[in-house]
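A.B. asks: Sequence:
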Amino acid sequence: MKHLRLAAVLLVLIVSSSLRFGSGLTTPCPPDGCAGLPPAVPCLNGGSPTTTGCKCPRGFGGENCAQLRPCQQPEYEHFCENGGTCSDSKMTISCHCVPGYSGDRCEKNSDDCKANKCHPEAKCVDILRGYKCECPPHRIGQFCQFENPCFNVPKPCNDGICVPLPHTGSFKCSCTSFFTGPDCSTDINECASAINPCQHGKCINTYGGFHCECKRGYTGELCDRYSNECAPNPCLNGGSCMDLLGNFQCQCKPGWTGKRCDEVKPFSPGCRSRICLAGGVCQRDPSTGAESCVCQPRFTGETCDTPREDPCLMDLCRNGAQCLPSSNLRSVSCQCPPGFAGHYCDRKVTSCSDVPCDRGTCIDTADGFQCVCDAGFDGPLCSNNIDDCSESSCLNGGICIDGINSYTCACPSTYFGRRCELNVTDPCQFNPCSNGASCLMIDVRGNFRCMCPPGFTGRFCEAASEGRCTLNSCLHNGICALNGLCKCAPGYSGKRCEHETNRCLRERCQNGGTCENIGLTDFTCHCQFGFVGRHCAEKVDVDRFADKAAQETQTCNVAGCALRAGNGICDAECNLPGCDYDGGDCSAAIPRPFEQCPYEKYCKYVFRDGHCDAACNTENCLFDGFDCDHSTDVCPASLACENRFGNGICDPECNLPGCGFDGGDCADKAPFLDDLVLDLDVDEQRFVNELLPSFLMRVSSYLRASVSFRKDEKGRLQIYRLNPETGKTTLIDIGSVGNGRVARQTNPNLVRVHLQVDVSGCQFESELSRALNVSLTTDSKPHCLSGVTAATNLIATDAAQDLFSTLGVRVKRALAEPYQAPTPSNPFQIAFAIIIGIAVLLAIIIGVVTVSNAYRGKRRYVDVTHVYHPPSRDNKTPLLPTTPNQFTMTRQYSLSPGSPEDLYEGGTSSSNSGGTEPKRPRLAASSSGDEGIVRDMVDPTPFVAPTRDRFFTRLHERVAYNNRGLIGGKWPDELKVCLKLRDNVGRNALHWAADCVADKNESDIMADVMDLIAAGESTSCRDDSGVTPLQIAIRRGRPQVARYLMDPRSVSTMDNEGRTPLYDAVCAGLPCIVEELLTMYQVNPNVMFDGWDTPLHKAVRLGQRGLPIVDSLLQCPNIDVDRTGERQDLGYRGVTALHLAAEFGNAEAVQKLLNKGANIGACDLYNETPLHYAIHNEQLAAVHVLVAWGGESVIHTVSDFDQNCEALARVKGNGFIISTIQGARGSGRVFPLAPLEKVKSRAKKARS
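When we follow the numbering used here, the leftmost residue of the sequence shown carries the number 738, and every step to the right adds one.
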């Protein structure tokens, strides 16, 4: 049989070969073999022939692709479900199912619990391709075949936890940290570990734990806290307790001593708390206990720790005089050269008529004069007070205080007497009782009692009963009479002689001057011609400039100035006082501004020369150009003050004469002077559009007043266009042209302005100077104008000196014009106008209500619930949901196409509560399509109705949430109309693309951003908070998006709080963004946030993670490492980046800042240096770096709290810091800078 089968196979092969190669067996093969012969049977159904047969397409098979294979057809690709395999043998389709499934198409899940092995007490649960057994509590194992060894067994693990093992049916014990062993019965000795758990105490092991016996001064379970020895207070009799390490110290009240202030302290006159330095003595009031220091003459301060400066450094002596400081360094005396006198040698003297002797009598001699000095004075002019003190003047450490021909001794509190020669043993030795009362010491503490005579009362018998005077109650040398009333000295009155009635009784006007009382406290001297000064003691050389005047007159004649005077053109060669300023052509048409001045020939040559000439310091002499006014002409914040000038809000930094007293905003308004009218030669357009604030403040500064434009009856500024030929004026209506601008004028017109002059700021300068700590201008009264005539003369003289040229303004004319108030209207006309206005208003209201009701009747209601509204700007939570589960699908909607306004519909909509809802998005129902879905988010924040042209659209929502982006850049029609629209907080779609949900892919965010920018969305658009998309991307930590949004406009923006993109990048900790921003020239690294905080300030506070940012900032060429802000800023603190690095202990940043050149001695608002900050916070490594860098120079700065660095370290009680500072004394540097790791290690050991 086997041979028959073999023969059949051979026969088949021979037949097939003959069919393939021909009938002849001897036919030779082609030269290239048989590769090119076609198959014997043609390929069907699109099959392609190959050397081995037919290559069939999908869905067909067989030798010639004639057999149909259904399983390979596309429609049968998923015929078998749940992973089944399709089979199409014998032209039938069947499915081979994976285990767990059955059915014709494997669609049925087999019930595997039919043949389960679960224990009878267990429950079988069918799962996919298997089952699981749910065991009862008392059984365990995969099939619940074991008993639970931990169930209802009493403590098999003692104090541990029994853990059953389901694979074996046994259990194991999980012990607590205090036990070990198989059954957790072996106690662990915690005290035997290498590290003592009791930080400052002895560890004692117990069964199942341990306890600590703490050292003295420590408490807590682990002895890890300092014990408060002052709780409760152990100090008695009102003493205060100071906690020490394991001890306490009591600060006792006066009269008590002892460990717990429980012992009576005997009387002692010595100081108890005050320490006086530099040889000062301490004095203690025996009655009140108050202590104070009396310093040596060359020191001052509460503890005599401040040396006085040499007053001769101020260079007060004039004309080459020698300056001699007084013995107490509080004043100077000038040794005048011959021919000069006065306290500062500023007066020329030739004879006794010039009053040359300061403290003596003048005698005329043949050579001039001679001074006979009063007792206690010497020197050629009797100006030197002889020092009456010697080393033996005061005993027992008393300080000698020089007087005039005498001295007094300031004694220590333990001595008294004229020379401090007597010991203090009894408080009654000081005679503390007044009005003849006797003093009686009543106990050993030093308490005493005053035995008052009849008619007096009080602890010291200082008060008179029934209105009687006391020995010292009568003022100004008044005498207390026996009847209990004060007998006042001449020139005084009042119950206690407190009122001065005649100041001239004690003031002497010299050289024939007459005295006049001013009120009750002041006076003035009316001097004879040629004498000036407070007491008419100074002589005026009225002919000093006679030669100069004659020379100028000759110059005028040669130049022919008389012929050109008054032609309206200022000729420079004639602009001289002797030529009447070209006949007024150079001085605002006022030839003689000093005409009312008695010293005209003198004062017009010294006007505004920087030197006070008392003869010219009157209003008629134009206050000498305010040379005697010590207040500055400079406005420190000129630009800011110009912008706030006269805005009705008081700005103290602008309330200075140089700033025009802030336009009068800081003073009660006084009546205005008459109008000051000025004709100005200036470009009209530039004047109106650019110069108004600066011009007003400049004129105000020159006049020491507040100047503003007069307004007409319609409230318009009286600024006119003046035709110089016809004299016709035309009002320049500033508000009639866009943005208050006027067109440029080509004709040569002038500008006439009517100004009102307010002198209230000057009149109340004394009160304002006390409030603002500004010194007064003179000893008696400020320099204030009383009339506008002097103002015109001042303007004329300033114009002659060309003071307005820096503004591009020339004053052609100045004149005073009486102010005429507008005529009041007829009251009947006013009443009639009010009635007409009310009637019109009622008609408008009725019309609006009618139209509103008609519109409400036609309104269509739409039921839309839970519409998503963007979160409010104050919401600190994530701006959008992070998972789709936070959205609730209520209905499918699609935005109706149309205009942006069509996206919203006015009116109210019905709700489940029956109330009304604000304006919501207009949405139309859609049957299908994901492109039209709007998912509503339940937002707890209240809905803010969109303002006009503001909508939160479908586009905003899609870019904020949809992970697929803008559908691959394809823009549906309903989204195109949403471009460039803003929502209710001013955000466009680009804002929301940068501020999308946290789980959105970065690539999808970038796709949205790129599509939006390509469609025209602005990258520099700011929302209502001033935030740009770039700032949002930085704050959300998306560097790739931030890089794409960077452009020259967006990188230099600042939000409403003052935060820049660079500041945000530092806060977000993005060094790569910081580096890229710093490469753009538009970025300023020194911009301050909140008045004091720069990016560098913020970076040093970030610690180690901020060091790369610190490096990037310090490499910026225009970085200011010592930036502190402006003192007038609200948040100004005066701290530099070095202060903050020291405060936060960032020693590496401290080192980097010092290497960059940071000022190690910079002081903050309270005069504290970076070293103070490091000591305050006990930042030991920072202290080491600062002291090692600066040496002794950094440790002596005294703060406003009277503490240098060493004193502050002692208050902190840190021995490491104290030793570091002490090592710096007498050296440039303490020691070479050690590696910071070693410093930190040593500091850590010092702390422990």
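Just so you know, the hints here were simulated from the structure itself, not pulled from any lab data. Ideal Cβ placement from N, Cα and C applies to all residues, glycine included. Do not take every clue at face value.
[To be verified] Computed Cβ-Cβ distance ranges for the label pairs, DEER-style:
id: 1; residue 1: HIS1348; residue 2: ARG1011; range: 44 to 50 Å
id: 2; residue 1: THR1258; residue 2: ASP980; range: 20 to 26 Å
id: 3; residue 1: THR1040; residue 2: ASP980; range: 48 to 54 Å
id: 4; residue 1: LYS1949; residue 2: SER1175; range: 37 to 43 Å
id: 5; residue 1: GLN1333; residue 2: ASN1214; range: 27 to 33 Å
id: 6; residue 1: GLY1016; residue 2: THR1258; range: 36 to 42 Å
id: 7; residue 1: SER1175; residue 2: GLY1016; range: 35 to 41 Å
id: 8; residue 1: ALA1200; residue 2: GLN1059; range: 49 to 55 Å
id: 9; residue 1: ILE1255; residue 2: HIS1348; range: 24 to 30 Å
id: 10; residue 1: GLY975; residue 2: ASN942; range: 45 to 51 Å
id: 11; residue 1: ASP1052; residue 2: SER1930; range: 25 to 31 Å
id: 12; residue 1: ALA1377; residue 2: PRO1555; range: 32 to 38 Å
id: 13; residue 1: SER1029; residue 2: GLY1806; range: 33 to 39 Å
id: 14; residue 1: GLY1016; residue 2: GLN1333; range: 35 to 41 Å
[Claimed, not checked] List time: in silico DSS-like cross-link candidates among lysine-lysine, alpha-carbon distance up to 27 Å:
id: 15; residue 1: LYS1465; residue 2: LYS1448
id: 16; residue 1: LYS869; residue 2: LYS892
id: 17; residue 1: LYS990; residue 2: LYS952
A.B. asks: Verify the CB-CB distance for THR1040 and ASP980 against the hinted window 48 to 54 Å.
C.D. replies: Given about 26 Å between the Cβ atoms, the range is violated.
A.B. asks: Can you tell me whether the CB distance of GLN1333 to ASN1214 sits inside 27 to 33 Å?
C.D. replies: Because 43 Å falls outside the window, the suggested range is violated.
A.B. asks: Take a look at whether the Cβ-Cβ distance between SER1029 and GLY1806 falls inside 33 to 39 Å.
C.D. replies: Given a distance of about 54 Å, which is not inside 33 to 39 Å, the answer is violated.
A.B. asks: Look at the Cβ atoms of ILE1255 and HIS1348 and judge whether their distance stays inside 24 to 30 Å.
C.D. replies: holds, 27 Å
A.B. asks: Quick one, are LYS1465 and LYS1448 close enough, alpha carbons at most 27 Å?
C.D. replies: This hinted pair holds, its Cα atoms lying about 19 Å apart.
A.B. asks: Given the hint of 20 to 26 Å, check if THR1258 and ASP980 actually sit that far apart at their C-beta atoms.
C.D. replies: The hinted range 20 to 26 Å is violated for THR1258 and ASP980, with Cβ atoms some 55 Å apart.
A.B. asks: Given a hinted range of 35 to 41 Å, is it respected by the beta-carbon distance of SER1175 and GLY1016?
C.D. replies: Hint holds: Cβ distance 37 Å, inside 35 to 41 Å.
A.B. asks: Measuring from beta carbon to beta carbon, are GLY1016 and THR1258 in 36 to 42 Å?
C.D. replies: holds, 40 Å
A.B. asks: Can you let me know if the beta-carbon spacing of GLY975 and ASN942 is within 45 to 51 Å?
C.D. replies: holds, 46 Å
A.B. asks: For the range 49 to 55 Å, tell me whether the beta carbons of ALA1200 and GLN1059 fit it or not.
C.D. replies: holds, 53 Å
A.B. asks: 37 to 43 Å was suggested as the range; check whether the CB atoms of LYS1949 and SER1175 agree with it.
C.D. replies: violated, 51 Å
A.B. asks: Is 32 to 38 Å a correct range for the gap between the Cβ atoms of ALA1377 and PRO1555?
C.D. replies: Holds, since ALA1377 and PRO1555 (Cβ atoms, about 36 Å apart) stay within the stated range.
The structure shown violates the earlier hints numbered 2, 3, 4, 5, 13, 14, 16 and 17.
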